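Chains as they are written, first to last, in this note's numbering: chain V, 577 to 814; chain Z, 733 to 988.
No wet-lab data here; the hints were simulated from the structure.
Please read these numbers as outputs of a predicted model, since none were measured by experiment.
Even glycine gets a Cβ: it sits at the ideal position worked out from N, Cα and C.
Please note that a few of the clues may not be correct.
To be verified - Reference excerpt, derived from the structure (chain Z facing chain V, CB under 8 Å, subset only): (1) K741; (2) V769; (3) T963; (4) Y965.
Chain by chain, the residues run as shown.
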Amino acid sequence: MAKQELKLKPVIADNVSDATEKIILNAIESGYDLNDIPESKEPPVIGKRKITDEGIDEVVNLTSKGRAIPGQSLTNSKEQPYPWETPPKFVNPREALNNIVATILNPKAAKHIVNALAKGTSAIDLSLSILYSKFANGEITPDLMLLLSEPVMYTIMGIGEEANIKYNIDDNDIDEVDSEDESEQKNKIKNLFNQIKSNQKTIEPIESVVPRSILEQIKETVPEIRKSLLSKGEDENV
Amino acid sequence: MGWLRKKAKQIKNAVKKVGKKIKKVVKKITKSKLFKVIATVGAVLATGGAALGAFGGSFASSAFGQAIIKGGQFFAKFNPTSFKPFTATGKFLGSTLGKATDFVGLTDETTRSIAGEFGQGDMFASEAGSLVPKEGATISQAITDPSKYAEAAAKTVEAGSKLARGTVLGDVTRGVITNVGTGMAMQKMQGDPDKVGVATGLNLEGDTQLGDLAVAYSEANVRSLEDVYKTNYFGTADVGFNTNEPLFQQETLKIS
């Protein structure tokens, strides 16, 4: 019912994270319950990165090929510049973002992105590689590459969520435990333990319930039981 | 490329920061749900509303969406079991993501169409000869279906009005229109740019609805429409978010 009357104030920010935060907080203030958004009933596909021998070999092969000599690009002919040395196709971030998002949301590209996320590639790696290829093709400037990294990453994360994948954001952080969360959990456990400890009461046997003879028998036996099994006993054979 | 990794860390921290701030307000929420909300809302904002078609539920009912749901081919390569996540995803697209767009106030659950002042055709009632969406048609419908356009009657803005050129409100308003649609439709809507004091008839709507938009822009310290177009802004008040661009019309995001 509250959702029908939901009236959010327009929000604008210069980065996606801020805008997202403002919108969500504004929605919560307006009475929207985040728990109304249902989660997928199916278990998510875990996009955990697996390091294989072939993968390591590939990295070794790539790194062993050597790198460009400093200044090598300057030796290139002026008549045949690299794409990134020519004027970029887009200088306006809005136009560039529209172009990139259109590329990403293309069915074929989306399929590859979903596959990559499910195999453990992180959302940031994917977004930066897309943007880097756009730069290398001379479509955007390095400045635009950095400006667009956040919205592109959110788009990829959106695709990952659509596909019900538990994906990495950066590196292999799928199982990463937040240090603050960890300390919060530790404190909770500690508090719970202290609470149990303070509530613990010494149980006194009641004579009316347990016969006196049995109580005496227990008193005699307990010191014997408390002896360590490894302690030197009075062995008759020794 | 250490500088790229540095940027990556910054973005990751920004996402985590958003999560922490929301977690402070909403205690009882699972981490996965919280993250889902952030990622989905972020994606909707990042695509400038372009993905509304996909995030709003029509994707699931489109031919492409149905093919995925029925076949589950996307996951065949890495999912050896008979588990078909896209069957769930299809539902997810129709519900969860749809709800996310309800959540940002752009769609509403019953119709799952673009709602609010940006969805109202009469907002764009314009000067004589300009094309505006017909009565009852939303802007997105008008843009994808030319038959939904109608010629507008003459509406002028008095000199000195809050919507006149040079004012933040007027410029922002015209900015919305400038980005609505492309080509002929856009030119028609925009009207004659040389006529000083003649705006696109937004005075019909009154200043109150657009006032919120102008406030949002002034809060974000956005001075002029030129800045809006040159800089990438994000949010429900962003002109790019509230308009329909060719991106909407590609195969993935076909809007019916």
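Among all the numbered hints in the text so far, which are the ones the structure does not match? none
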